[in-house]
Each structure stands twice: as C-alpha cells, then as structure tokens.
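Model the full structure from these sequences, guided by the hints.
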Amino acid sequence: MGKTISDYKSEKKNSSMRWFYNYLKKYRWKVAVGLVLVTITSILAIINPKITGFIVDDIIGDGTDIKMNLLPKFLLLMIGVSVVRSLLRLLFLYLFETASQDMLYDMRDGVYKNLLLKDFAFYNRSRTGDLMSRQTGDMMAIRHFVAFVIYNIYENVLLFVIALFMIFAVDWRIGLAMIAVLPITGFMTYKQSTTIKPKFMHIRDKFSSLNAFVQENISGNRVVRAFAKEDYEIEKFDVENEAYKESELDAAKVWTKYIPIFIFLSHMLTFLLMLVGGIMCIYGQMTLGNMVMINSYLWMLNNPLTMMGWLINDYQRFTTSVDKIYSTITQKPDIQTPRYPKEVSKIKGDIEFRNVSYTVDDEPVLHNVNFHIKPGQTVGIIGATGSGKSTIMNLICRFFDATDGEVLMDGVNVKDLDLHRLRDGIGIAMQDVFLFSDTIEGNIAYADPDCPFEKVKWAAQMADADDFIMQMDDGYDTVVGERGVGLSGGQRQRISLARALLKEPSVIILDDTTSAVDMETEAEIQRDLKKLEGHTVFIIAHRISSIKDADIILVIEDGRITESGTHDELIEKGGYYRKVFDHQYGEFDQIIRKRREGA
Amino acid sequence: MARNKIEQDEELETGFDVEQLKRLTHYVGPYKKDLTIAIIIMVISSAISMLIPIFMKNVMDIVTNTVYKGLYTPAEAVRLIIINSVSTIIVGLLCAIIMRYKIILTSRVGQGVIYSLRRELFVHLQELPFSYYDDKPHGKIQVRVVNYVNNLSDLLSNGIVNTITDMFSLVFIFIFMLYLNVRFTLIVLCGLPILTGIVLFVKNRQRRAWQIQSNKQSNLNAYIAESINGIRVTQSFVRENKNTQFFNQLNGDARTAWLNAVKYNFILSPVIENITILSTSVIYVLGISWLIGGEEAITVGLLTAFAGYVSRFWQPITTLANFYNSLLTAISYLERIFESIDAPVNVKDKEGATEMPEIKGDVEFKNVYFSYDDGVEILHDINFKVKAGESYAIVGPTGAGKSTIVNLISRFYNVDSGAIYVDGIDISDVTIKSLRTQMGVMMQDSFIFSGTIMDNIRYGNKEATDEQVIAAAKTVCAHDFIMTLEKGYYTEVNERGSRLSAGQRQLISFARAVLADPKILILDEATSSIDTETEILLQKGLQEMLKGRTSFIIAHRLSTIKNSSCIMYVDDGQIQEKGSHDELLTIPNGLYNNLYQSQYAFLQ
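Line order of the protein sequences matches chains A and B. As numbered in my numbering, the first sequence has no gaps in its residue numbers, which increase by one up to the final residue, 599. As numbered in my numbering, the second sequence has no gaps in its residue numbers, which increase by one up to the final residue, 1203.
Among the hints, a few may not be true.
Stated by the list, open to error - Sample of chain A residues with no beta-carbon within 12 Å of chain B, all distances over it, derived: (1) 15; (2) 17; (3) 22; (4) 32; (5) 182; (6) 311; (7) 342; (8) 355; (9) 404; (10) 413; (11) 415.
Said to hold, decoys possible - So, partial list: chain B residues that the calculated Cβ filter (under 7 Å) puts toward chain A: (12) 680; (13) 706; (14) 850; (15) 854; (16) 899.
Said to hold, decoys possible - Here are the simulated BS3-like pairs of lysine-lysine, each with C-alpha atoms no more than 30 Å apart in a straight line: (17) B/841 / A/113; (18) B/841 / A/415; (19) B/965 / B/984.
Hints listed in this document are in silico derivations from the structure and should not be mistaken for laboratory results. A virtual CB, placed ideally from N, CA and C, is assigned to each residue, including glycine.
Here you go:
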C-alpha cells in the first residue's frame, strides 16, 4: 500500500516545521530563558492582587483597627513586585525580539542562498513578485510568531493551567464544572484551525499575485506608457486588489464566527461559578470565602479564552508562511555541482559538443550538434531568431543540461565540473543586458569588486566604453538605474561587455552584444578584442561584419548546424550565410566588383 | 535628484506632522458610519460588561443573606441566583454578538481603507514620469504599494475603534472618580505629567528609529528584487558569495534597525504599570492617614473602591499608548506612501487639453531643445518636418540623442523649449492618452508580461479578436515560430521572457505595436536582435502595413533603413545631415557616407 494523500500532507507539514525548528534551535536557549521569565512574571502577576486583597482585608479591615505598622512593608513589597515584574517583562520581550530577529537573519540568509542556487528553469517558471513575497510578507509572519505568539500562547496556557489547578485545590467540584468547557473549547480550536488554514493559503496566494502584478507593472512601466494602457492596467490592478481584499474578508468571516464563541465561553465560566458555586454555598457545600477565592482566579481562565481565537489566527498565518517558504526552497535545482567534481586546473577554453540535443517541454531546440573549438579560436555564430544560438551558449555555461550528448570543456563533461570553476572561466555578455542599480564602476567590476580602478578602466577601454563614460558628469561614479535606464542600448551593451572582459576569462561569449552599437564602434571593439590573445571567443551576431573574421563560422538553422567554415568558404558555398551576406552587402559588393572590373 | 542605489537610504525630509494624520482621516472618511457604529456598540459592550461584577456581588450578597442572616429561604435564594447568573450569560451573549459585529465592521473598514489607499497610490504611479522609475530601484517602489500599505490596515480599523472606545471609558471613569473624591483623583492625575514627560522624551527618537527601520527594510527588499531579476548575471559571474555578503550586510542593518526601534515601543507599558501601582500606594498611605485622622469624607469603602478605579483609569491609557506606538511605526511607512502619492507628475494633460483628432501623420519639430533633469542638454535646436506616410530613419553614434527624439514625439518628456506638432497641432495641447493610443512605439527593451503570447500581443489592442492578433503576428513574421511552440499562442511566457530568445521577444512586442494600429510607428532599435532573413520578410510585411502611416526607425544595420524616405544623421544632439540614402551618399566625406563606407570597408 502506498501512502495516502493525507500522509503526504502531514509529512510535508512535519518537514516544513522541522525546517523552521532547525532555525529556531540555535536560539532555543533565548526562547527557554524567555519562557522562564514569562513564568515568573505570570506568577508575580498573581501576587499583587493578593497583596491588595491583604491590605484591604487585613490591614484596613473595617477601619476600626488599622495595622498601620504593616502598611509600608506591604506597599513596598507591592511596588517591588511591580518593578521587578516590569523589568523582567522588558527583558523577556527583548529576548524574544532578539531571538526572532537573529533567527530571521539566518532564515533570510538561508533562503537567499537557496535562491542563488536555483537554476534558470526555476526562474523561468517563477514570478519575481512571488519570490519576493517569500522574503518579505512570509518572513514577517514568522517574525511575529517568534517574537509575540510563542510567549503569548505559553503565557495563556500557563495562566489557564495554574488557575485550573488553584480552583481544583479550592473545590474540585467547581473545577470539574469549569473543565466542562474544555472539550467545547478544544473542538472549536480544532474547527477554527482547520477552516482558517486554507483561507490563509488563499490570502498568501492573492498577496503573491498582487505583488507579482505590481512588480510587472513597475518593470514594464515604459510599455504601459507607450501604449497608453494606464486605464487598462488600473482595471487589472482593481481585480487583483479586490481579490486580495476579498480573500482577507473571506478569512475574517471565519474568525467572525469563532472569536465570539470563545468570548461567550469565557462568560460561561463566570456563569458556571455563579450558578453552581452560589447554589453549593446555599446548601452549605462550599464556603463563601472559597467562592470569593475562585472568583479571583476567574480572570486567569477568561483571558486565555478571549485571546484564543486571535492566537489561533496568528499561529495558522505562521504555519502557512512556513509552508510557502518551505515549498519554494525545496524545489531542487537540476543544475548542481556534482558531489565529487573533477579536479581541473584553470579552464583553457577547449570546447566540444558531441551529439548534443536539447529539448524543452517536448519541443526540440537543438538536434545533434557537433563541433570542436580549440583554445584561442574565435567562433562566429549566425542564424535565425530562435534557432538555438543562445541555447548553445547556455549549455556551455551549464545554465541548462543537454538532453542528449555531451558538452565538454577541456575534455571534461561540464556536468562533472565544479559549477563555479566552470563559470569563473567564462565571461558572458548577454543578449538581454541587465545592469544593477550601482555606479558604472560597480557594474563593470561586478566579477571582482575589489579590483583596482585601472583594471575597470582597461575593461571599459577594451569595450570602447571609456569615452562615453568619461563624458558623463560623474564619470565612473555615475549611478545607473536598475536595468541601466538612462543609458542608450549601445551604451548598456558596452558596459556589459566591459563587465565580461574584466574577468579576463578563458572563454568570452558575446551573445548579440553589439547589436545596438554603431558600426564604427563595433569595428573598434573587434580590433580591441583581437588584441586579447589565447581566449576562445564566441560571437553571436546578425551582422556579417561582426563575425566575418572569425576562425570558424557556424550557421544554425532550426537547432542544427547547417554550415560551418570561414567567411570565404561560406560565401563560396552559397547557402544561408551567402544569402544574408547578399542582403546586407550585396549591392555594395556589386559596386566593388564593377569597380574592379572597370579598373 | 541623484539616482538611488540599493544601500542608500532614501532621504527623509518631512518632520512629524499632524498633516499626515489629517490626511489619513480622508481615507477613513467614507467609513465614518461603520466606525461610529463600531464605537457605539463597543461602548455599550464595555458598559454592560461592567454589570457582571455587580451580578457576582449580588450572588455573594444573596449567599451571605441566606446563610448567615437567613433572609431568604434556600429556594428563593436559588431562584435569585439563577436570575443573576442567567443575566450574566445574557450579558456574555450580548458581548459576544457585539464582538461579532465589531469584527465585521472593522475588517470591512481596515480592508476598505487599504484597498483605496493602495489604489490611489497605484493610479498615481501610472502617471509618474519615467524618471521616477529610473531614479530608484524598483523594489523600493514596490514595497510601498504592497507591503507598507498592508501595515496600516489594523491601525486604521481596530486601532481607531479601540482608541476611541477607550477614550470614552477614560472620560467615564474620570468623571466617576471625580464624583467619588476629588483629592484622590488629583493624586492619580499626578502620574500623567511623568507619562507625558517620557512620551515627549522618547517621541522623536522613536519616530526616527522607525524611519530608519523602514528605510533599511526597503533597502533589503529592493536588493531581494534586484537579486531575483539579475540572477542570470549573478550566476554567470559567480558572484553568489559576494552578493550574499552584501545581502547580509543589509539583512544585518535591518535587524539592528528593528531591534533599535522596537525597544522604544516597550517603554510605555511598564512605565504606566508602575505609575498605577505607585499611585495606588500613595492613595493607601494618604487615604489611611486621613481615615485615621478622622476625615469625614473618607470611608473604608471609598478607599477600597478608589484603589480599584486607579487601575481602571490607567488601563485605557495603556491601550492609548499602544495605539500611539503603532501610529509612530505606521507613520514611517505612511510618509513613504504619501511621498509617492505626492511625487509631481511632470508630463500631464494641460488644463483644457483636447482630444487629438485622428492622426494623419505630419510630424514637425520646431526649435526643440531638451535636457533631462540633470541639466545636460541632450538636444539642441532640432528642426525637421515629416509628411504623412513618410518613413524617417535616424542614425548616429550611441548616446547621440536618437531615442530622445522619438521619445519626445510620444511626449514621454516635455521639451525645454520649442514645440512638436502632429498634423499641425502642438502635442502639448492634446491629451496624452489620445496622442499615445494613436502611436505604436517599440523600444529597445522588449518587455514581456507574464501570461500567454496571445495576451502579450493583445496588449496593443485589448479589443482585438484572436484572428486580428494572429494577423498582426503574421505581419511581423512571428506566426511561424509561435506555431512551433507546443501550445502556440497559448504558450505561457513571463517577464524574463521565459524560453523565448531576444529576437522572438522583439517580434512579439513588434506584433503588439502593429496590433495597436498606430498612425505613427516608432521603431527604436526594434529589430536589432532579429536575423536578417526574418527582417527581410518583416520589411515586406511592414511595407503593406505602413502605407499611409508615418514611421520613425532607429537602427544600426543600414540595410534596415536605406529605403527610408529620409535619413537623419544625429550627433551631439543635433541633426548633422538629412536626406535620402542616395542624396547623403553624394556628400563627399559626409558623416552618413563615412558610416556607409565603414560598414563595407572590410570588403575592400
């Protein structure tokens, strides 16, 4: 027999709680000391009313025989207890706050590191806003639990138990009567917990979805403006905003139902004491003094019941968030450093594809690709949009794994290499330039933030970016906005190129990196790149001028290498490459030929 | 304003002021009725719950009277006890029912207020200029809309109701105390100056501490957002460790700021608690000595009763203090929200702006000067005139101002001086919406929304039928590759473009622009990632579509632009050369001529 679905569910719940506990464990002593202090303050909280009672009954009495000599002692005791109690309370509040913040720090760190390890496939299926909610809203729910809910639950349960114990000590029959409400309370607690949990799940989903929507609206603000779709965005936002509000109100319906029940139950206790206690007194089964005493403990039973519903809410909010985070972090990335990576010295840049195929969601992207590039060679890659050019680069960097065949770096399958080692040896300037909100210097020195400025400048010069950077008011200290807004496409591409070159990698990949750069600048960059000796260079481009000097040019069509050779060979061959060439240069080529013929 | 880096705190300009609170009442305003009802029923609830101790006292009196004094027979006593306990449970039931309505009302108010606050913020964000988004990390804007607003819900519903209810009981108890004994009341009031002193002492530090906290939190959130968006770069540059270090620096800052701020919130409660005990003690000491001194007004009953009221007096003050604490916390978020709502909208409809009539496509720049906020002039005295149906190409080195020129046509920015006319109408005289909906702009960055490809293209015109979407895709040669995807047009893509290549993303956003059926089409390096063969097909498809429409094309591949009616060479913010491809090639040593030659230089 296999496990049932509920087995899996409870297993998952247990493991997510274990994950949480592993973080809390480190601070369990803080929590434990905190709880001891809570115990002490709770007991002290019982003492002061006793002292007051004593002052009223025994010192003042009926006013005829006031024991004035005792008064200062008791008043001082009362003040002392109060001061000690509030100091201890401050201490434990702070203990729980520090424990929660320390734990949160570790947890954020853990989740952050975990997200850094996720592969591209994970990021392709997750929305930024969703992932952000894990690190913001969900973390806050956990913080609230550790800093507030834990000790509140403990304090309330403690008071409840102490009070029950005391009441039993005074009169066990009243105690039994009071206990009668426990099963109802337990049942209601269970009902509320189970009904509220899915509602909180729903709230978290709606929150994530609102978050994701807003995030995209902000990122895509230019498109929104360009299409004057503000009203449409607001309409969509209203739907998300409304759905979130409804999810909150929907959950509120649950506690609207249960919290009044708990409040009613707490009054039930008073009712029971009055009725049962009163009648017992009348028939001499109990003294009035005992009834007064029990009455003085009653608040200790009432308060926890009044708080119950809220605490259940807080607790389930917390477990929901833990589940959400846990299910995000446990999605195992397919791309990981093998347990025992092959030891290699520095990456040299010998790259071989052996019968490589790559398929995503049953759609073949690459079929049986074979090539072998020697260190120091320059490779040009050209092909139609979506033909698989970038995929080849992604396989070299091992952002994805080949479905079939092998990708070899220096003769070793990239799957057997240490991931960081491999990527350290490769400098890639991507098609889609992402710059960080930092200075230009910070962006270029991304791979090595501590490198000397000369090196940053050198990399910028190589990428022909130094001139325009120096023209800016703040030069290299200019802060570029997220995604480099404020810079033109060509400028961004050159910064991203400089960033890749700064690594001085053995393998340089330029994935359509000069598409937005003008011709003259591009020619400049090409000349600079030639100065770099001994690097394997991949250039993906659509312009013939970008790749024509490559040692080998690969033409990719529909995921296959259909032509390969030097510029001259491919022109000779008269295939795809020739067609592209003719379109870009045909007219001019004819002019030159005519001139030559004329001469 | 300089651009904001992740680790930089945003500036704090405004001081604590009542204005912000007053503004809040504007959001609470529509719920005045709900709040009033909630307050009234809560006052009733706390009033009737004061009956319970009386019922309890009654029961005890009945017991005394029956057992010790024999005033009632047991049967009578039992009957009276039942009356009192049933009254108690009725009060309990009423309290429970009132609580139910209070929760219903406050949830409605709380959620309603944040709904409208969030909406106002979002609507305003839609109007803010590009520069607002360019100047700060997007994560910092986002947390305002999503997280900060949420923090206000409880304060603006339960907070208000509890506070006002407690104010009522405070006044009620105060009057009662005065009625009982003026001297004792004055003693109790002695605690107030101490409390006020402490509040004043702490206030500014506390507020400052929470401001810092919200800043640190915002920095952390912004970094999380950027880390997620830039993950590809991070992984390929093996920056994981460095980023974690930086993250933990922000993470640690957030922790320190929180712990620093939260301790201020802890101060008030113990102070109040000790003041309560102290004033109770003083009342006992003085009360008893007056009692012994034989003051007539003082009785034992009065003394014990009064001691009981002292804690009742201070209890609502504790609630008020808590409200005050959460208010200070909330204000640090609130001022960020208001700052966004108050951010000036530079590009907006003039008063009395008219609708742009259907555009024919004449575009004219007359003495246009333009600079971004930093004051560096990007465009100097740009003049040109495009007739409807013409296609204009703009070339020139990167950073020359090409994108700026086309951005001005859509009025993404206002010109410093000069004017831009479309069909002879100054574009600043018409509504932005009527202008932009008639233009199709395709930018360098092709942004893809998460959703299906169908939805993404339809963004250009949400009324379009599936057939129209497919037709647009066919025009830009995107249809073929879309059909190779397993789910075709219903393939889910996301903002990072999922598994689409950059060229494919450009084709999709191209289709989006085409579907909008624009009278003026602007292509800003729209085809840079598209291969030449597709581009040839694309141009054929576009030719048909562009008939009778004006177009502006910025491109670096000259094959893309050489058939344009006119080519402008822009450098240093000025038009250096203008003319058709053939005309410009006749200029000896001309800039365009040189560019053209250099492109083919390698062939020679």
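Hints, verified against the model:
Remark: the non-interface label on residue 15 of chain A is consistent with the geometry, its nearest Cβ contact in chain B lying 25 Å away (cut-off 12 Å). Every CB of chain B lies more than 12 Å from the CB of residue 17 of chain A, the least distance being 23 Å, so the non-interface label holds. Against chain B, the non-interface label of residue 22 of chain A holds: every CB pair exceeds 12 Å, the least being about 18 Å. The Cβ of residue 32 of chain A lies farther than 12 Å from every Cβ of chain B, with a closest approach of about 20 Å, so its non-interface assignment holds.
At the 12 Å boundary, the C-beta of residue 182 of chain A stays outside the reach of chain B, the nearest C-beta of that chain being 18 Å off. Every beta carbon of chain B lies more than 12 Å from that of residue 311 of chain A, the smallest distance being close to 15 Å; the non-interface claim holds. Under the 12 Å C-beta cut-off, the non-interface status given to residue 342 of chain A relative to chain B holds; the minimum distance is some 18 Å. The non-interface label for residue 355 of chain A is consistent with chain B: the shortest C-beta to C-beta separation is roughly 22 Å, beyond 12 Å.
Against chain B, the non-interface label of residue 404 of chain A holds: every CB pair exceeds 12 Å, the least being about 18 Å. For residue 413 of chain A, the condition that its CB be more than 12 Å from all CB atoms of chain B holds, with the nearest at approximately 19 Å. Every CB of chain B is more than 12 Å from the CB of residue 415 of chain A (nearest about 16 Å), matching its label as outside the interface. Given the 7 Å rule on beta carbons, the hint for residue 680 of chain B holds: about 4 Å separates it from the nearest Cβ of chain A.
Interface restraint check: residue 706 of chain B against chain A, minimum CB-CB distance 4 Å, threshold 7 Å, status holds. Because the smallest distance between the Cβ of residue 850 of chain B and any Cβ of chain A comes to about 5 Å, under 7 Å, the interface hint for this residue holds. For the restraint placing residue 854 of chain B at the interface with chain A, the shortest Cβ-Cβ distance is roughly 4 Å, inside the 7 Å limit, so the hint holds. Using the Cβ-Cβ criterion of 7 Å, the hint placing residue 899 of chain B at the interface with chain A is satisfied: the shortest such distance is roughly 4 Å.
A hinted pair counts as satisfied when its Cα atoms are at most 30 Å apart, and residue 841 of chain B with residue 113 of chain A qualifies at roughly 11 Å. Under the criterion of a C-alpha separation no larger than 30 Å, the hint pairing residue 841 of chain B with residue 415 of chain A is consistent with the structure, at around 24 Å. Taken as a hint, the residue 965 of chain B and residue 984 of chain B pair is honoured in the structure, with Cα atoms around 8 Å apart against an allowance of 30 Å.
Of the numbered hints listed earlier, not one is contradicted by the structure.
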